[in-house]
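Student: Full structure from sequences and hints, please.
Residue-level listing of the chains:
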Amino acid sequence: MKSLIYIILRLFVKSLPPLGEFLLRLKPGNDHFKRYAQFSRAQRIDERNILFSHNDIYSEGTESIDITVIISSFNYAEYIGEAIDSVLKQECDNLE
Amino acid sequence: MVEDNSSDNSGEVIQKRIAGADIPCTVLNLDTNGGLSNARNLGVQYAKGDYIFVLDADNIIKPDGLSFLFQVAQKNHATAAFGKLQVVDHQLKDLGQYKSARMPSFHEFKHKNQLDAMALYKAEYLRETNGFDVEMLLHGWGNEDWEMWTKIFRDSKTSVKFIDEVIGLYRAKPGSMVADAIRSHSNNAAYIQRKYF
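Residue numbers (the working numbering), protein chains in the order written: chain A, 1 to 96; chain B, 1 to 197.
To be clear, the hints were calculated from the coordinates, so they are not data collected in a lab.
Just so you know, not all the hints are guaranteed correct.
Claimed, not checked - Examples of chain A residues lying across from chain B (beta carbon under 7 Å, computed):
{"#": "1", "residue": "5"}
{"#": "2", "residue": "8"}
{"#": "3", "residue": "27"}
{"#": "4", "residue": "41"}
{"#": "5", "residue": "73"}
{"#": "6", "residue": "74"}
{"#": "7", "residue": "89"}
Yeah, the Cβ is synthetic: ideal placement off N, Cα and C, and Gly gets one too.
Tutor: In structure tokens:
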């Protein structure tokens, strides 16, 4: 019965994403609702939610970039420095 | 780099590391946490390269890893290229295991993921196919890579290349994350099977 309720709620959240965050406010500890809320937030993120920053060399141009390395980080301060260093040590050119 | 609204000092660490870097770096600092697929997709959206390499923040790419993958992908006009990942613990101690260690077939993705996301992808393909599927969140935690690779292997227009060399280090995930992914496995599997099989 419980899983049927979650299936129905999932369908509602899919068509009405803000519902996900509303459900989580009702039951903050619920694992399903945490995921639904994250889905909701992902649906509404646009440029207004992003603060862009670049390093100095970025202004010299990015026209001939072959490879972009994407590192996504959520609470990985302990490790992310090593991940970045490994990219900075790459033997290939035309990288961002 | 996509900083997905961390509550630790990730942002500070990132800014310190890239300040003196000799390659162009962009940081997308999000003011809300949208999850891994969303973060990767935003990275794809603003990427300048023809190819995109996905690196999780706790993993490491070997110095020659990208050049190996890029040469193979470019030569074969591949949609994706991947190599072996050596599994290590949090202190980078070798655990004697490998991930992404062979080329799987499409049908092997029906019940289980076969490859890690740490690979090189054609940027155009990721954009045309809307990248990583955020809807996986409605079905469970983790397993984003599973959906992406299933899509790539199902698509007959794509070609995937495997390099039988270690291209990076993969940190074994904490028990809690593994448990989340295992708990979500059957729901994720059902979703992927409905979508692709």
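Student: All hints, please: hold or fail.
Tutor: A quick look at each hint next to the structure:
no.: 1; hint: 5; verdict: violated, 14 Å
no.: 2; hint: 8; verdict: violated, 12 Å
no.: 3; hint: 27; verdict: violated, 16 Å
no.: 4; hint: 41; verdict: holds, 5 Å
no.: 5; hint: 73; verdict: holds, 4 Å
no.: 6; hint: 74; verdict: holds, 4 Å
no.: 7; hint: 89; verdict: holds, 5 Å
Violated hints, in rising order: 1, 2, 3; the structure is consistent with all others.
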